[in-house]
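Protein chains: 2
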Amino acid sequence: LALKGSNYAGLLERHRIHTKNVEHVVDSLRNERIEVRLVKRREYNEETVRWADAVISAGGDGTMLLAASKVFDKFKPVIGVNTDPERSEGHLCLPVRYTHSFPEALQKLYRGEFRWQWRQRIRLYLEGTGINPIPVDLHEQQLSQEQHSRAHINERFQDQRSDISGPHLLPVRALNEVFIGESLSSRYAMCSVLFRENFKSCKPSFKFSLHRASYYEISVDDGPWEKQKSSGLNVCTGTGSKAWSYNINKIAHQAVEEILKIAKKHGSLNMPLNTELVQKVTNDYNESLLYSPEEPKMFFSIREPIVNRVFSSSQQRGFSSKVCVRSRCWDACMVVDGGTSFEFNDGAIASIMIDTEDALCTVLLEE
Amino acid sequence: LALKGSNYAGLLERHRIHTKNVEHVVDSLRNERIEVRLVKRREYNEETVRWADAVISAGGDGTMLLAASKVFDKFKPVIGVNTDPERSEGHLCLPVRYTHSFPEALQKLYRGEFRWQWRQRIRLYLEGTGINPIPVDLHEQQLSQEQHSRAHINERFQDQRSDISGPHLLPVRALNEVFIGESLSSRYAMCSVLFRENFKSCKPSFKFSLHRASYYEISVDDGPWEKQKSSGLNVCTGTGSKAWSYNINKIAHQAVEEILKIAKKHGSLNMPLNTELVQKVTNDYNESLLYSPEEPKMFFSIREPIVNRVFSSSQQRGFSSKVCVRSRCWDACMVVDGGTSFEFNDGAIASIMIDTEDALCTVLLEE
Numbered sequence: 245l246a247l248k249g250s251n252y253a254g255l256l257e258r259h260r261i262h263t264k265n266v267e268h269v270v271d272s273l274r275n276e277r278i279e280v281r282l283v284k285r286r287e288y289n290e291e292t293v294r295w296a297d298a299v300i301s302a303g304g305d306g307t308m309l310l311a312a313s314k315v316f317d318k319f320k321p322v323i324g325v326n327t328d329p330e331r332s333e334g335h336l337c338l339p340v341r342y343t344h345s346f347p348e349a350l351q352k353l354y355r356g357e358f359r360w361q362w363r364q365r366i367r368l369y370l371e372g373t374g375i376n377p378i379p380v381d382l383h384e385q386q387l388s389q390e391q392h393s394r395a396h397i398n399e400r401f402q403d404q405r406s407d408i409s410g411p412h413l414l415p416v417r418a419l420n421e422v423f424i425g426e427s428l429s430s431r432y433a434m435c436s437v438l439f440r441e442n443f444k445s446c447k448p449s450f451k452f453s454l455h456r457a458s459y460y461e462i463s464v465d466d467g468p469w470e471k472q473k474s475s476g477l478n479v480c481t482g483t484g485s486k487a488w489s490y491n492i493n494k495i496a497h498q499a500v501e502e503i504l505k506i507a508k509k510h511g512s513l514n515m516p517l518n519t520e521l522v523q524k525v526t527n528d529y530n531e532s533l534l535y536s537p538e539e540p541k542m543f544f545s546i547r548e549p550i551v552n553r554v555f556s557s558s559q560q561r562g563f564s565s566k567v568c569v570r571s572r573c574w575d576a577c578m579v580v581d582g583g584t585s586f587e588f589n590d591g592a593i594a595s596i597m598i599d600t601e602d603a604l605c606t607v608l609l610e611e
Numbered sequence: 245l246a247l248k249g250s251n252y253a254g255l256l257e258r259h260r261i262h263t264k265n266v267e268h269v270v271d272s273l274r275n276e277r278i279e280v281r282l283v284k285r286r287e288y289n290e291e292t293v294r295w296a297d298a299v300i301s302a303g304g305d306g307t308m309l310l311a312a313s314k315v316f317d318k319f320k321p322v323i324g325v326n327t328d329p330e331r332s333e334g335h336l337c338l339p340v341r342y343t344h345s346f347p348e349a350l351q352k353l354y355r356g357e358f359r360w361q362w363r364q365r366i367r368l369y370l371e372g373t374g375i376n377p378i379p380v381d382l383h384e385q386q387l388s389q390e391q392h393s394r395a396h397i398n399e400r401f402q403d404q405r406s407d408i409s410g411p412h413l414l415p416v417r418a419l420n421e422v423f424i425g426e427s428l429s430s431r432y433a434m435c436s437v438l439f440r441e442n443f444k445s446c447k448p449s450f451k452f453s454l455h456r457a458s459y460y461e462i463s464v465d466d467g468p469w470e471k472q473k474s475s476g477l478n479v480c481t482g483t484g485s486k487a488w489s490y491n492i493n494k495i496a497h498q499a500v501e502e503i504l505k506i507a508k509k510h511g512s513l514n515m516p517l518n519t520e521l522v523q524k525v526t527n528d529y530n531e532s533l534l535y536s537p538e539e540p541k542m543f544f545s546i547r548e549p550i551v552n553r554v555f556s557s558s559q560q561r562g563f564s565s566k567v568c569v570r571s572r573c574w575d576a577c578m579v580v581d582g583g584t585s586f587e588f589n590d591g592a593i594a595s596i597m598i599d600t601e602d603a604l605c606t607v608l609l610e611e
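Going down the list, the sequences are from chains A and B.
Residues in the first sequence are numbered consecutively from 245, following my numbering.
Residues in the second sequence are numbered consecutively from 245, following my numbering.
If you are wondering where the hints come from, they were derived from the structure by calculation, not from laboratory data.
Predicted model only: the values in this text are computed from it and were never measured.
Warning: the hint list may mix true and false statements.
Just so you know, same-sequence chains aren't split out, so a pair can sit in one copy or run between any two.
EDC-like, lysine to aspartate or glutamate: derived pairs with alpha carbons at most 16 Å apart [claimed, not checked]:
(1) K541 <-> D599
(2) K473 <-> E333
(3) K509 <-> D528
(4) K508 <-> D528
(5) K473 <-> E330
(6) K524 <-> E502
(7) K509 <-> E520
(8) K505 <-> E531
(9) K264 <-> E531
(10) K494 <-> E539
(11) K352 <-> E610
Same shape as in the complex, but just chain A:
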């Protein structure tokens, strides 16, 4: 790692800090005689969730997403502790100071100095020919290249196998967003392995990425179907409006400045175009992209829409209660919270909406 310019010492240090922070949280809980099961990613499953009265994630936002992904009970609190503040923004976690003084957080919980917060989540129905409702756990795939059984997934679908044509409610709830787009297909290549032996590379993996535009049809709030071609469609919650959706839609100071310059010229405006005005406009615009995690509405945005003779895009983004998408993709998928993936190929139809029964229960401590 050091040869490559990576900071090995830094990685080790971050691991040390994380481990120490986890110990602190566990000790704080046990000191209050709370029974604690400490599980790692691979051991975290629905049985563990059933056993617990509450779930605490210790990591960054990604770990919180994983923790939430196995909780379907709207009365089971999930609390995030950010054990990696140098690296994670911790949007989904308690404020960073509780990482080092977790007993303070516990005291507030005991004294009722908090309120419940329900983060709305998105549910997905899938139908059409050739669909595959078996999700792929992307984190698992990364960790273990050979997986010979996924019994826990298999169970869930025992009763659904007989009828695969009707809409399936998928066994996931998106806390941040659902992203639909062409996945980048990969194929095993014998040739690459042959050549790599010559170059002393030991990586057996092989990834070929081809940016391909996604073709699909979309209907918002049961409106008319519209054909679209883009780099993908993002449908987020209030929680997710701060995440990838924000990065897709936010505008740069540089762009706002150019737009205002052009407007000034065209509109013959007497407008002092100073940095302060540009900054205010930029901030206001970007802030308008965010909304409360508790609002039962979704925000859809089309990423890099392609507009030409064939494809139009009446609205590039907006709020909605329901989004339906019919895939015309060759090799696409729906990715939930960056961690679970479903095939979404030509002919499949997804219906995307929020049901308040799916909300995730978290806490907001009083400050």
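On the provided structure of chain A, position chain B as indicated by the hints.
Leaving out everything else, chain B in the frame of chain A:
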């Protein structure tokens, strides 16, 4: 296909039209006693290019990119005929009317009623530990899952194998753009095949996509190195400024309207905010993203930059003569014209620039 809602008859018809158009071009050439070799994608190679005085691509823009990808001689003209006008914009091809009256184009060429156009292209140097200068042809990968020899690629590197630490000039020239970003890793999954048997799906492929931000460091025109995190970096030519780059950077009418509304409010502007003004500003802004294919300059844009405590982004886009990128990615690649891919992982350094010797020779017919 029909069961899935795909338009089989439409696909067949497009193929018929394409075939007819190709015959028309070939016949027109042979009628002038020009010797023609008609090759398909897989047969198109550097020996064929060497044999030819000129290369004509018959297809859409993608076919033109493929044709150009094997031409390294700046005096070998490459001309595109758009045989699929319903589906391809044909930016890189002759105007559509010549598709059905190719003899007219030939006459103009004979009479000198044209000018040469040199489309500048980008070259790439790669260095650092663990790099793999063997490119992967993504179109080939799609067509044939088993490839046992890539002798033509092998040849090119015979002399370079002894020294893999110095900067390698890669055997490609980007006509549209180079895109650098995390590829979406895929792994073979035994489990997916087991379950799919139950669902009558016959696809042996398996793609798991995980949107992961790309980490890298960038230096523009030999300026200071800057750490960045984003959805990827796009560096294009004038030709490519109309392609993916345009879709990354263009702004929607809806966004301009919102920005001007906010500006009007903050600046207490007496500005009539009508659709006409918004449209003018939108069009001007979007047009400023385009420039001549013959200009020897590159346009870089950072896709969805992530700005927080750790990562900054002083400039989201701009013109440059040279861009250097050091990968801090886990599993990334550089994709040239959406068709050729190179690994670009932690420690690799790419230097990206235009050399006018690499220009592609095309023609602009007089109208």
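### Query
So which hints don't hold here, by number, going up?
9, 10
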